[in-house]
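We have chain C already, so just place chain L on it with the hints.
Given next are the chains, with one letter for each unit.
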Amino acid sequence: MSPDSAPARRRGAGIAWGLVGPVLLLLVAFNVFPLVYNVVLSFTSRELVGDDWRWVGGANYERVFTDPLFAGALRRTALFVLCAVGAELVLGFVLALALVRGFRGKGAVLAVVLVPMMLSPAVMGLFGALVLNGNYGVLNQILGGLGLPQPQWLSDRGLKFWSVVLIDVWMWTPFMTLIALAGLSSIPAQVHEAAAIDRASRWRVFTRITLPMTAPLLGLAVLLRATDALKQFDLVMATTGPNDAATQTLSTLLYQVVFRDGKVGLGAAFACVVLVVVIALATVFTRYLEHLRRAREA
Amino acid sequence: MTPVLAIRELAKRFGRTPALASASLAVGEREIVALLGPTGAGKTTLLRCVAGLEAPDGGTIELGGRDASQIAPAERDIALVFQNFSLYPSMTVRENLAFPLRAPARRRPSGEVAERVAWAAKLLRIEALLERPARRLSGGEMQRVAIGRAIVRRPRLYLMDEALTNLDAKLREELRFELPALARALGTPVLWATHDALEALAVADRIVLLDRGVVLQSGTPAEVYARPASPAAARLLGWPPVNVLPARRKDGHWTAADGTRIARAAPGGPDAATLGFRPEHLTLEGGPAPAEVEVVELTGPAQVALLRWAGIRAYALVPRSARIAPGLRVTPQVAPEHVIVWPAP
Numbered sequence: 111m112s113p114d115s116a117p118a119r120r121r122g123a124g125i126a127w128g129l130v131g132p133v134l135l136l137l138v139a140f141n142v143f144p145l146v147y148n149v150v151l152s153f154t155s156r157e158l159v160g161d162d163w164r165w166v167g168g169a170n171y172e173r174v175f176t177d178p179l180f181a182g183a184l185r186r187t188a189l190f191v192l193c194a195v196g197a198e199l200v201l202g203f204v205l206a207l208a209l210v211r212g213f214r215g216k217g218a219v220l221a222v223v224l225v226p227m228m229l230s231p232a233v234m235g236l237f238g239a240l241v242l243n244g245n246y247g248v249l250n251q252i253l254g255g256l257g258l259p260q261p262q263w264l265s266d267r268g269l270k271f272w273s274v275v276l277i278d279v280w281m282w283t284p285f286m287t288l289i290a291l292a293g294l295s296s297i298p299a300q301v302h303e304a305a306a307i308d309r310a311s312r313w314r315v316f317t318r319i320t321l322p323m324t325a326p327l328l329g330l331a332v333l334l335r336a337t338d339a340l341k342q343f344d345l346v347m348a349t350t351g352p353n354d355a356a357t358q359t360l361s362t363l364l365y366q367v368v369f370r371d372g373k374v375g376l377g378a379a380f381a382c383v384v385l386v387v388v389i390a391l392a393t394v395f396t397r398y399l400e401h402l403r404r405a406r407e408a
Numbered sequence: 198m199t200p201v202l203a204i205r206e207l208a209k210r211f212g213r214t215p216a217l218a219s220a221s222l223a224v225g226e227r228e229i230v231a232l233l234g235p236t237g238a239g240k241t242t243l244l245r246c247v248a249g250l251e252a253p254d255g256g257t258i259e260l261g262g263r264d265a266s267q268i269a270p271a272e273r274d275i276a277l278v279f280q281n282f283s284l285y286p287s288m289t290v291r292e293n294l295a296f297p298l299r300a301p302a303r304r305r306p307s308g309e310v311a312e313r314v315a316w317a318a319k320l321l322r323i324e325a326l327l328e329r330p331a332r333r334l335s336g337g338e339m340q341r342v343a344i345g346r347a348i349v350r351r352p353r354l355y356l357m358d359e360a361l362t363n364l365d366a367k368l369r370e371e372l373r374f375e376l377p378a379l380a381r382a383l384g385t386p387v388l389w390a391t392h393d394a395l396e397a398l399a400v401a402d403r404i405v406l407l408d409r410g411v412v413l414q415s416g417t418p419a420e421v422y423a424r425p426a427s428p429a430a431a432r433l434l435g436w437p438p439v440n441v442l443p444a445r446r447k448d449g450h451w452t453a454a455d456g457t458r459i460a461r462a463a464p465g466g467p468d469a470a471t472l473g474f475r476p477e478h479l480t481l482e483g484g485p486a487p488a489e490v491e492v493v494e495l496t497g498p499a500q501v502a503l504l505r506w507a508g509i510r511a512y513a514l515v516p517r518s519a520r521i522a523p524g525l526r527v528t529p530q531v532a533p534e535h536v537i538v539w540p541a542p
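Sequence lines, in order, name chains C and L.
Numbered according to my numbering, the first sequence spans residues 111 to 408.
Numbered according to my numbering, the second sequence spans residues 198 to 542.
The hints are simulated quantities; they were obtained by calculation from the structure and are not laboratory data.
There could be a bad hint or two in this list.
Unchecked claim - Reference listing, derived: stretches of chain C covered by chain L, where coverage requires no fewer than 3 residues with Cβ under 8 Å from a Cβ of chain L: (1) 288-301; (2) 314-323.
Said to hold, decoys possible - Sample of chain C residues facing chain L (criterion: CB under 8 Å; computed from the structure): (3) A304; (4) I307; (5) R309; (6) A310.
To be verified - Pairwise CB distance ranges, derived in the manner of DEER restraints: (7) K319/L <-> V387/C: 49 to 57 Å; (8) A366/L <-> V387/C: 58 to 66 Å; (9) S296/C <-> E370/L: 31 to 39 Å; (10) A299/C <-> E272/L: 14 to 22 Å; (11) F140/C <-> T362/L: 54 to 62 Å; (12) V387/C <-> D365/L: 48 to 56 Å; (13) Q267/L <-> A299/C: 22 to 30 Å; (14) T317/C <-> Q267/L: 27 to 35 Å.
Just so you know, even glycine gets a beta-carbon here, dropped at the ideal spot from N, CA and C.
Chain C on its own, in the form it takes in the complex:
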């Protein structure tokens, strides 16, 4: 019997479905069904408690696009991503430049630098809240000891958003450092040596060699961090809570709408809009990866 005869082909197809099936089942149960169900919910007035609901058409979406609460959260999240990731990139790269040269105890220093990244965001948020506490926080004790003003980091309206940014920077700068270090160490020593012999100035070496050669990896790190920061939830929950207008991000607003106000339908519509934004970003992300791959192959 030749291997591509009809019964053999049927048996092959059976094995293929047997292998793929469980994964497909999981995918449908945990991805496709919730997605579709969410879209359906977004056209209803469904609430967290009670069975009294009706179809409301595009009313939820209208509310999402008109209510300043949502626009504010979107603006705040964008600002958060921009400032936090920007600061992480710059600080992380500077730190990596300082760490790339070998020195005694480099391993230990690196380990200490990486600790914040290893902790769970909820833990980092609680730590942050402790350190920044206006009354007994370590930071204000130090500031007081130095005779400096002791602002209410987490309750001052103008400050608390920036406090959350600060904690995020504290937590994720090590990630940028790690990626930048990988990029920097992949530059062959000979390239720097050639530049030294070519009498290139430090600035020229930095702008023409170091930066271009680490840029692809840094871009990747920025995209990873940006998509993550877009979902910012834990730090806000642990510091100011989900209901504080000054620090409300997309995720915490969603939490507030669904779990405090119980408006599942409205929350679903909001989630759909956020999903579209995330898909747009993900497209940029995959395009960039593709661009990197092609650049490497060329």
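Same frame as chain C, but now just chain L:
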């Protein structure tokens, strides 16, 4: 006259491994000096010390009579062609070539930069590659750009670290003539490290033999070839390899351990010695003792015969017309004037 480069008893170790034990050499004005040695001899380390990329553990380096330890790599005014390219991967070929000319210390007007880049590109046949990113070049192309980056400058000294090794045979042959001619035309001295004896013989005014971090001998190619200072020096230069065997003086002749008479010994001198003779000086007829041809290899212009003779495997270079084959019985002899005698250690 002060040499452009003078190295005295240079020593460098990496951890416990000595790379250079005691290396001394000098490169004069307009001189091309080949640094010949096998892989691991310390050639690259020596060049890196001269360029200022490594700090020597001992000895001195003088550039134009000035102690180089006081001069930063950038201030040494030396161009180094690395063994494995080291281009700037994020730049195009043109940018790579122009890079050294745009350094603040020797900033050139852009017209001159363009002119020199075009000149180097033409010489190295990379004109068609000028706009290509450096990371998209083949090994041979990269090496040509690396050479180009060195020659666009007018440094006081060129250091070439196996600069031609990664090129294909045809280009290597061409550049073996063109690069020395170029250096001579520019009047710039070159320290040319290579493991290829033929390359060293072809390019150099003087050859310095380096082995295991020690200079074995230095001199003109003809001197070093005809009068190697030691068996090790003789082995480094020339192919097929030099024949070396221990011998004792007996009845006025150098005699091998198995009793074979090699050649008449000049009166005076030691009783025991190590003898060396080049394969081209071993003829297959007229000698006192028989030998058997084991292997014959055709090299193009000549044949190489491997003989079992006088207790060793001896190489002989014979004309292409000679009719020899494995198993043939011959009577080798070597003229006394071609026998190199090193007193036995």
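Cross-check of the supplied hints:
no.: 1; hint: 288-301; result: holds (count 3)
no.: 2; hint: 314-323; result: holds (count 5)
no.: 3; hint: A304; result: 5 Å, holds
no.: 4; hint: I307; result: 5 Å, holds
no.: 5; hint: R309; result: 4 Å, holds
no.: 6; hint: A310; result: 6 Å, holds
no.: 7; hint: K319/L <-> V387/C: 49 to 57 Å; result: 55 Å, holds
no.: 8; hint: A366/L <-> V387/C: 58 to 66 Å; result: 59 Å, holds
no.: 9; hint: S296/C <-> E370/L: 31 to 39 Å; result: 36 Å, holds
no.: 10; hint: A299/C <-> E272/L: 14 to 22 Å; result: 20 Å, holds
no.: 11; hint: F140/C <-> T362/L: 54 to 62 Å; result: 58 Å, holds
no.: 12; hint: V387/C <-> D365/L: 48 to 56 Å; result: 54 Å, holds
no.: 13; hint: Q267/L <-> A299/C: 22 to 30 Å; result: 24 Å, holds
no.: 14; hint: T317/C <-> Q267/L: 27 to 35 Å; result: 29 Å, holds
Going through the hint list in order, the structure satisfies each hint without exception.
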